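> The primary structure of each chain is shown beneath.
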Amino acid sequence: MTTYYSEDHEWITVEGDIATIGITAHAAEQLGEIVFVEQKDAGDAFEKGDEIGVIESVKAASEIFAPVNGEVVEANALLADTPSALNDTPESDAWIYKVKLSDAGQLEELMDLDAYKALIG
Amino acid sequence: MSEMSKRTPLYDLHVELGGKMVDFAGWEMPVQYPMGIMGEHNQCRTKAALFDVSHMGQVILRGENAALKLEALVPSALTTLPEGKARYTFFTNEDGGIMDDLIVSNAGDYLFAVVNASMRHQDIPHMADNLDGVEVTEIFDRALVAVQGPKAEDVVGELCPVARDLKFMETVVADIMGAECRVSRLGYTGEDGFEISIPEDRAIEISKVFLAHDDCEPAGLGARDSLRLEAGLCLYGNDIDNDTSPIEASLTWAIQKRRREEGGFPGAARIQREIAEGAARKLVGIKPDGRIPARHGVEIQSLDGDTIGTVTSGGFGPTVGGPVAMGYVSAGHTSPGEKVNLIIRGKVQPASVVALPFVQQNYKR
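Top to bottom, those sequences are chains A and B. Going by the numbering used here, the first sequence opens with residue 1, and the numbers climb by one from there. Going by the numbering used here, the second sequence opens with residue 122, and the numbers climb by one from there.
Bound-form chain B, shown alone:
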């Protein structure tokens, strides 16, 4: 492990809980705890799991017309985002590729954004340089803790009753054990749950009270990856990157009608064209017929033997009980039920294109 690795405010708790620490995007993070990835995954699907996501970048954007100005960098509608609501969006580049994906919340006086750990170094200057008259402040003194799963409301609600009243993608500032926290009803597991921004000096104490609940156990990055994959959620750097457009990535739902019509964001020409004419390739679910996991980089062929795409994320889905994957296939091969072949270690393995997600999302709408 590199000496340069950074530690989150929860580091000592991870060690105390027996977390197996690995380097992730320059951070020392737990990939799993003694329960193991499958147990942690199932814990989140059936009860509640607590994840440390403090490595992600928390940013405050403050200034007149901050939402309007940010719309120049992302294709989602932000000026109409009501106070107390959060929205998924992405920075696009001039070619219509995705520079990073993020969540933006309207916090009333300011916007609160959460960006990927691996892209903080890019996103913060990108916003600071391009948002004239907006103060861009990266927050370094707060942890970010995700409590996810069907019992998350019980776990968080005991300490923070107002959390029970939130619906999916709603956010509020709330008191938890005397600490001022931001509680948002969202996450990246496909389950109901919360992400809670906590002052760093209270993060372990509050996390321990969550974990003291009978239904809540800690979970690491391993389970987070299999959960988001089954839920059909993109991982930046794997499924989406500077070359993939939001239309190719099946993220068109995140571009609201006004923005589709008006444009006015980087790469609008390509994105509007692909909305109108369709993209040359699409991100789809891939379900291998057998038991062999198809991982990132596996070639996808048509039954005729032509290369039609590549797996971008794949592994074993504990809830599905078998291998699951996502990947890009060329137009004409994107319909659910389409039979394809995967080339794994030189051998042909049959698979099908399937609709995403693999596991029904359970959000509280």
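Only chain A is shown next, with the shape it has when bound in the complex:
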């Protein structure tokens, strides 16, 4: 399964027309200890670049920006109970949304792992 990466340090994997979105381990490391995650609800539609959530760490609040157009199918309930999971397993259990893509062609504008690694140095 291909993983795509955004410049805002999100990862996306796709199965059929459902994508899973999360933040990268690098992003989680930069944010510091996460204490609250504000998520959208299932059914909420958004466009690329929209704010689709907020991550509160002990340091600051950081917005999550949509890397593609879509609609929320599921917000990960794990994060409501255990926001720190986003520090522990950001690229697996602590995904943020499952979304229905409305423009799969946008994936091609994202980075692959090598390009993302180059970005974060």
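Keep in mind that the hints were calculated from the coordinates and are not lab data. This one's a predicted model, so the numbers in the text were calculated from it and none came from an experiment. Positions of the beta carbon are idealized from the N, C-alpha and C atoms, including for glycine. There could be a bad hint or two in this list.
Some chain A residues judged to face chain B by a derived CB distance under 8 Å, without partners named [stated by the list, open to error]:
(1) Gly32
(2) Glu33
(3) Val35
(4) Glu38
(5) Val54
(6) Glu56
(7) Val58
(8) Ala61
Using the hints, position chain B against chain A.
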């Protein structure tokens, strides 16, 4: 990071310890170490943590009647401050606002003052220009290290036995490993602890011996902020500034009786009036009901939807285990238990006014 950023005498130690360096008031300071802000915070509450506060301004005021002359700039009583004692105070402006807060110690032959890093450039000329016949000397060749927490006495006492005998807000010149240091039993975390002024060329060596103690770990500015917030202590520029009066900021305790009655400090008219009649707004603790941190700038509303104030400091309190904040609310809404609403990213979040501090202060009185 700006090339203009200044480095403290402990800079190399921060780098060696893995400190994440950020610019703070023009200084390259560690915001955290590998332990992380929450771990460092808990370390200070349960054992001992070492903070570099060398970016703060250390000042010597020397001259006849220096304490009396300084009273013309601050509303606290200084002429009656005994030798070996320190006192929290603030410079006020003509409108009764706060220009900066500081600690003044009576060192016998002179006064020793510590002012905020961000306000050094203002405070030093302010004193030099207004204290006639007092020599104002900013110290550039000493570090300032804070060791804070319930085990601070053990950590510092091993190297400096006389430190054990100090009580809260007492200060003494003491030998530490052959270096002449000023050891003061105070700090800004709500915990027992010491601030130690150390010659710059010995600062890393002595700090390393403190850190070699099993109960002492380094902590950065991130933990310092959450610790002082839980302890209900004001941060200059956030909770207090040129517009806020000491009465509004609930700092009336720092204005002793004689000064309240006699005045004779900048802004006395407003400050005396507010002591007598009450202030239009007050700094209070704000405890959000949920888990969303309310940060600086969040609007506070009454349950009727009227704007009654603003959050000035807020974040996650590791010891409290949830969000904590401070802010100004208008008179009539300041009683602990008062229900209020916070407007966070456009949504209403319920909260309560609470008494400060959030965490009991543990000073050695």
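> Could you check if Val58/A really has its C-beta closer than 8 Å to a C-beta on chain B?
5 Å, holds
> Min Cβ distance, Glu38/A to chain B: is it shorter than 8 Å?
Since chain B brings a Cβ to about 7 Å from Glu38/A, closer than 8 Å, the hint holds.
> With 8 Å as the cut and Cβ atoms as the points, is Gly32/A at the interface with chain B?
At about 6 Å, which falls below the 8 Å cut-off, the nearest Cβ of chain B leaves the hint on Gly32/A intact, so it holds.
> Given Glu33/A as an interface hint, is the shortest Cβ-Cβ distance to chain B below 8 Å?
5 Å, holds
> Given Val54/A was flagged as interface, is its beta-carbon under 8 Å from a beta-carbon of chain B?
7 Å, holds
> Measuring from the C-beta of Glu56/A to each C-beta in chain B, is the shortest one below 8 Å?
Nearest chain B Cβ about 5 Å off; hint holds.
> Given Ala61/A as an interface hint, is its Cβ closer than 8 Å to any Cβ of chain B?
Cβ of Ala61/A sits 6 Å from chain B, so the hint holds.
> With a cut-off of 8 Å on the beta carbons, see whether Val35/A makes it to chain B.
Status holds, d = 4 Å.
Hint compliance for this structure: every hint is met.
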